[in-house]
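Residue numbers (numbering that gives the first Met the number 0), protein chains in the order written: chain S, 0 to 161; chain F, 0 to 161; chain Z, 0 to 417; chain A, 0 to 417.
It should be emphasised that the hints constitute simulated quantities derived from the structure, not laboratory data.
Each statement offered as a hint is correct.
Computed cross-link-like contacts, BS3-like style, restricted to lysine-lysine with a CA-CA straight-line distance of at most 27 Å:
1) F:Lys125 - F:Lys104
2) S:Lys104 - S:Lys131
3) S:Lys141 - S:Lys85
4) F:Lys17 - F:Lys131
5) A:Lys415 - S:Lys17
6) Z:Lys415 - F:Lys17
7) F:Lys17 - F:Lys85
8) F:Lys131 - F:Lys141
9) F:Lys131 - F:Lys85
10) F:Lys104 - F:Lys141
11) F:Lys125 - F:Lys17
12) F:Lys141 - F:Lys17
13) Z:Lys144 - A:Lys144
14) A:Lys415 - S:Lys125
15) Z:Lys415 - F:Lys131
16) F:Lys125 - Z:Lys415
17) S:Lys131 - A:Lys415
18) S:Lys141 - S:Lys17
19) F:Lys125 - F:Lys141
20) S:Lys131 - S:Lys141
21) F:Lys141 - F:Lys85
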Amino acid sequence: MSTELDALYQEIILDHYKNPHHQGLRDPFEAEVHHVNPTCGDEVTLRVHLAESEGTTVVEDVSYDAVGCSISQASASVLTDLVIGKPLDEALAVHQEFLTLMQGKGTVEPDEEVLEDGIAFAGVAKFPARVKCALLSWMAWKDATARAGTTAGTPTEEATHG
Amino acid sequence: MSTELDALYQEIILDHYKNPHHQGLRDPFEAEVHHVNPTCGDEVTLRVHLAESEGTTVVEDVSYDAVGCSISQASASVLTDLVIGKPLDEALAVHQEFLTLMQGKGTVEPDEEVLEDGIAFAGVAKFPARVKCALLSWMAWKDATARAGTTAGTPTEEATHG
Amino acid sequence: MDGLLPELEVVRKDFPILERTLAGGVPLVYLDSANTSQKPQVVIDTMVDHLERHNANIARAMHQLGAESTEAFENARDTVAAFLNAPSRDEVIFTKNASEALNLVANTLAWATGDLAVGPGDEVVITEMEHHSNIVPWQLLTERKGATLRWFGLTDDGHLDLTNLDELVNERTKVVSLTWVSNMLGTVNPVARIAARAHEVGAIVVVDASQAVPQLPVDVAASGADLLAFTGHKCVGPTGIGVLWGRREVLDQLPPFLGGGEMIETVRMEGSTYAGIPHKFEAGTPPIVEAVGLGAALEYLGHLGMDAVHAHEQAITAYALEGLATVPGLTVLGPTVAAERGGAISFEIDGVHPHDVAQVLDSRGVAVRAGHHCAKPAHARFGVQSSTRMSSYLYTTPGEIDALVEALHYTRSYFKLG
Amino acid sequence: MDGLLPELEVVRKDFPILERTLAGGVPLVYLDSANTSQKPQVVIDTMVDHLERHNANIARAMHQLGAESTEAFENARDTVAAFLNAPSRDEVIFTKNASEALNLVANTLAWATGDLAVGPGDEVVITEMEHHSNIVPWQLLTERKGATLRWFGLTDDGHLDLTNLDELVNERTKVVSLTWVSNMLGTVNPVARIAARAHEVGAIVVVDASQAVPQLPVDVAASGADLLAFTGHKCVGPTGIGVLWGRREVLDQLPPFLGGGEMIETVRMEGSTYAGIPHKFEAGTPPIVEAVGLGAALEYLGHLGMDAVHAHEQAITAYALEGLATVPGLTVLGPTVAAERGGAISFEIDGVHPHDVAQVLDSRGVAVRAGHHCAKPAHARFGVQSSTRMSSYLYTTPGEIDALVEALHYTRSYFKLG
Ligand SMILES: Cc1ncc(COP(=O)(O)O)c(C=O)c1O
Ligand SMILES: Cc1ncc(COP(=O)(O)O)c(C=O)c1O
Numbered sequence: 000m001s002t003e004l005d006a007l008y009q010e011i012i013l014d015h016y017k018n019p020h021h022q023g024l025r026d027p028f029e030a031e032v033h034h035v036n037p038t039c040g041d042e043v044t045l046r047v048h049l050a051e052s053e054g055t056t057v058v059e060d061v062s063y064d065a066v067g068c069s070i071s072q073a074s075a076s077v078l079t080d081l082v083i084g085k086p087l088d089e090a091l092a093v094h095q096e097f098l099t100l101m102q103g104k105g106t107v108e109p110d111e112e113v114l115e116d117g118i119a120f121a122g123v124a125k126f127p128a129r130v131k132c133a134l135l136s137w138m139a140w141k142d143a144t145a146r147a148g149t150t151a152g153t154p155t156e157e158a159t160h161g
Numbered sequence: 000m001s002t003e004l005d006a007l008y009q010e011i012i013l014d015h016y017k018n019p020h021h022q023g024l025r026d027p028f029e030a031e032v033h034h035v036n037p038t039c040g041d042e043v044t045l046r047v048h049l050a051e052s053e054g055t056t057v058v059e060d061v062s063y064d065a066v067g068c069s070i071s072q073a074s075a076s077v078l079t080d081l082v083i084g085k086p087l088d089e090a091l092a093v094h095q096e097f098l099t100l101m102q103g104k105g106t107v108e109p110d111e112e113v114l115e116d117g118i119a120f121a122g123v124a125k126f127p128a129r130v131k132c133a134l135l136s137w138m139a140w141k142d143a144t145a146r147a148g149t150t151a152g153t154p155t156e157e158a159t160h161g
Numbered sequence: 000m001d002g003l004l005p006e007l008e009v010v011r012k013d014f015p016i017l018e019r020t021l022a023g024g025v026p027l028v029y030l031d032s033a034n035t036s037q038k039p040q041v042v043i044d045t046m047v048d049h050l051e052r053h054n055a056n057i058a059r060a061m062h063q064l065g066a067e068s069t070e071a072f073e074n075a076r077d078t079v080a081a082f083l084n085a086p087s088r089d090e091v092i093f094t095k096n097a098s099e100a101l102n103l104v105a106n107t108l109a110w111a112t113g114d115l116a117v118g119p120g121d122e123v124v125i126t127e128m129e130h131h132s133n134i135v136p137w138q139l140l141t142e143r144k145g146a147t148l149r150w151f152g153l154t155d156d157g158h159l160d161l162t163n164l165d166e167l168v169n170e171r172t173k174v175v176s177l178t179w180v181s182n183m184l185g186t187v188n189p190v191a192r193i194a195a196r197a198h199e200v201g202a203i204v205v206v207d208a209s210q211a212v213p214q215l216p217v218d219v220a221a222s223g224a225d226l227l228a229f230t231g232h233k234c235v236g237p238t239g240i241g242v243l244w245g246r247r248e249v250l251d252q253l254p255p256f257l258g259g260g261e262m263i264e265t266v267r268m269e270g271s272t273y274a275g276i277p278h279k280f281e282a283g284t285p286p287i288v289e290a291v292g293l294g295a296a297l298e299y300l301g302h303l304g305m306d307a308v309h310a311h312e313q314a315i316t317a318y319a320l321e322g323l324a325t326v327p328g329l330t331v332l333g334p335t336v337a338a339e340r341g342g343a344i345s346f347e348i349d350g351v352h353p354h355d356v357a358q359v360l361d362s363r364g365v366a367v368r369a370g371h372h373c374a375k376p377a378h379a380r381f382g383v384q385s386s387t388r389m390s391s392y393l394y395t396t397p398g399e400i401d402a403l404v405e406a407l408h409y410t411r412s413y414f415k416l417g
Numbered sequence: 000m001d002g003l004l005p006e007l008e009v010v011r012k013d014f015p016i017l018e019r020t021l022a023g024g025v026p027l028v029y030l031d032s033a034n035t036s037q038k039p040q041v042v043i044d045t046m047v048d049h050l051e052r053h054n055a056n057i058a059r060a061m062h063q064l065g066a067e068s069t070e071a072f073e074n075a076r077d078t079v080a081a082f083l084n085a086p087s088r089d090e091v092i093f094t095k096n097a098s099e100a101l102n103l104v105a106n107t108l109a110w111a112t113g114d115l116a117v118g119p120g121d122e123v124v125i126t127e128m129e130h131h132s133n134i135v136p137w138q139l140l141t142e143r144k145g146a147t148l149r150w151f152g153l154t155d156d157g158h159l160d161l162t163n164l165d166e167l168v169n170e171r172t173k174v175v176s177l178t179w180v181s182n183m184l185g186t187v188n189p190v191a192r193i194a195a196r197a198h199e200v201g202a203i204v205v206v207d208a209s210q211a212v213p214q215l216p217v218d219v220a221a222s223g224a225d226l227l228a229f230t231g232h233k234c235v236g237p238t239g240i241g242v243l244w245g246r247r248e249v250l251d252q253l254p255p256f257l258g259g260g261e262m263i264e265t266v267r268m269e270g271s272t273y274a275g276i277p278h279k280f281e282a283g284t285p286p287i288v289e290a291v292g293l294g295a296a297l298e299y300l301g302h303l304g305m306d307a308v309h310a311h312e313q314a315i316t317a318y319a320l321e322g323l324a325t326v327p328g329l330t331v332l333g334p335t336v337a338a339e340r341g342g343a344i345s346f347e348i349d350g351v352h353p354h355d356v357a358q359v360l361d362s363r364g365v366a367v368r369a370g371h372h373c374a375k376p377a378h379a380r381f382g383v384q385s386s387t388r389m390s391s392y393l394y395t396t397p398g399e400i401d402a403l404v405e406a407l408h409y410t411r412s413y414f415k416l417g
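This is chain S alone, in the form it adopts within the complex (with noise of 0.2 Å):
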């Protein structure tokens, strides 16, 4: 039973937990969303601040405040190591790949080149219910970019959503 478990709990994983990257709520940002998981109430403010670069714009910084447990913070972590200083475009086919892999049921081989410490994510996959902890910041990331790109400049507060 423990393989099962350590497939799970990744040393990366609980490396994250322990010490989580880019943890904190920082300004300047576009766009804060508070995301919830209603079954147990697990919690993420997050923030995004996008920048113009060159015609292109790039993921200038995630910073985030999170409750959670090992997974979703973790999954936190990585998240913003994988997107902040990344164009936008190539952050969301990264989020869009770190998807697949969470809804494969474990059947999907993550690519190491795109996701980074984002392949300790393989193992949850199998655990349906901890999938939801995982994607929980990647979904609030994917709100707030949303809202960001088309309030794109003009910081605000935004209502919770889930």
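We have chain S; now place chains F, Z and A with the ligands onto it with these hints.
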């Protein structure tokens, strides 16, 4: 199977069904009620006329207008035969006896002295779905009598009640 | 006979109750399927397996049993969505029966704001052939909100009278709610045509598909309905489960119905926010094993093929209409052409009250319904207080129809009608 | 150990699922019974027998199957009435779950007239330890009617803070609704005392007995409740069935809830009249086989004896509290004395999130719940966002508690907490 059926459809019942006694709505009356069997839609409108005679209340008249199956129609006819002209106390005792018979699931031996033609309904008690048919007018009479008691002397139009 | 389900005798073996004998050793001839259908073994076994091996609460339970139970429940939602050709599984809401589904709509409309709000001057349109479950909710809504209830009348041959369609459905109309197939008259209504008019004036269309889903291939996307209700127990599923399907845009606009566990996003004493569809409308522990049973039921129907089920129903109905025509004094209420109708056939016999008909039939094992079939206004329209109704389903044989017809002849002789 | 059910091993054999093994061949240790209970064979068999032999719609069906089905359904109502010591069987209303029962009350109060009407200036009082299903309906009612929602706070040891009872429940109070046994803190509330105060000021008392009925002998007549709700699946019955009991005088005053078949007296297009209780509140085809299953479940509990079930729960709870106290960094939320509480025990472990606790436990076959248990405000009161909850029932053994405690020690070591 026909014996079962014949136990239900006693000759007496079919006779009353074809030639119902005391049918029609008559004046005077102190109370009129309208009862419905919500399951099948059978309906009866029933009037009661009570009179005081030598210190006792007497059931002077019971008149009715009913739509329904053979059992419910015959039962209204038998009811009127049994209660019209009786002192109210006695009529209520007959009512109780009929009720006991119908709710006895076929285990109660009917008393011909008291129930007369009503004993033909003994077979109905074995058909739970038909007990309601047999009781429709009896319940209406009880209700009307109670109302007539409280409003004695003042004919009323009562609200629908089931 | 053309059109019958292939291997009908094998199909019948799937339904354990059809082997029953009744009082006096008489075999069961079940012709009350519009009231509730019988259940195939696979539905019962699926429920038993769930209760014996996978039982747990859903969503909230994270352990293995919880994951299994959740998966079984959510798979049932997928099955329903696929069966109805729903654009999204999230549009499938589990209720306890069709009545709750219809009330959910009427009840949430009472609290809706914006476009969907119903108030004085607004009109809701139903029809005179509705089941009480598609009448009373709208009476309550319109009475409570000061709106007006209007309805389509019926023609003598049991169709909707659409001559005043354009007047009846007008700019004041907020909702048009109608049955797809009548449970009393059998009539199949032109839902798409009426929906087109309703959409022209901006009304939403609610379809009671309680009798349609068991009998017809139903495609919600093509139907014209904005919301559609049906009930599990009439389509070989268990009691305790019904479905409301609705277009996402409409469901999103409706306020919550029942409040409680599972329908929330977050709860504070000072106020709460709600989950998205379908959970917004599924407060509390849902009918889990019932949804799982419904999933198995719809898979069973899908396996037979709804076209085949429909063809069977049509063949049996045509045969029954012929047989009934041989009974002196018998009048069918509703269309007398099988192609215009579903499998519920209500009729009267001169000189015998429907209860008495049903009673004699029952003594011969033939189970039919007598009464108003929860359609009092439709009975009133035809000047009758009640009727006898036979209703067939995919397991009905021509031999059973023969038994019915014979029993009806016997009934007349029993009551000495010659 | 004193107080355990006699022949516990024999009782366990009644529950087929307890034989299950999970991933890796690990046996199931089911400690999530406050979420949903497991079902004894007799409940499953009774449902199967009904579906395979007696299935028919009720009341309206007059044939033999209809009579059998109706009798089974109405017998279940008698069983519930007897189990609750209800003054009348008519006071027992079948719903789909406890959530629907509670919403039925809040929802019909929204349309009540006369004494029961709720409007601006009126107050509804609940508590901070309610399940969301006893919070959200009252939020919706008070928001919609412009009334005010108030609530009892909690003491640090997880009891209701009754110091302001007389101020909180006052002449403006129309309804007091509270849980008998908390599903999160386990606390058993002094229902009778609060009800006495509520009745002093003319308020009606609604009791959420979802966790009480499975565990305690419940006597509605003596409880002080005017209305009381519980849910079938938590007391060894199936999903899809719940009960609202209410005093006749109160139920008679409430307007109808859902409209449709069975709840009517007569229906005309222009307006309808309604049946008396219980039918007035049971629109549509009820959860028939589920009610029959619930009847079998309550008979099973009655056979064991609710005093014995309660004694078992107390013994196991006391043993569990002892065991949990051996786990370093573990804090129990709610009373730590078995006599003051029911069998649901929520706790935190320093340094491990409840999801992660539950996950490790699950890998060892121990099924518990992690999250807010549909009691977010109670969690917020104790400054936590979620917790782990173990909940025992009549089939729980001391050995299973040992397995839990051992698995908790293992969890700490797995997450390297020494
Ligand atoms: C105290 C309490 N109230 C209400 C409920 C709701 O019950 P159901 O989900 O069956 O409606 C529950 C269980 O979920 C509960 O524990
Ligand atoms: C046309 C129609 N609508 C609605 C219903 C109500 O279904 P249920 O009783 O399952 O809610 C029925 C069946 O009773 C029906 O035939």
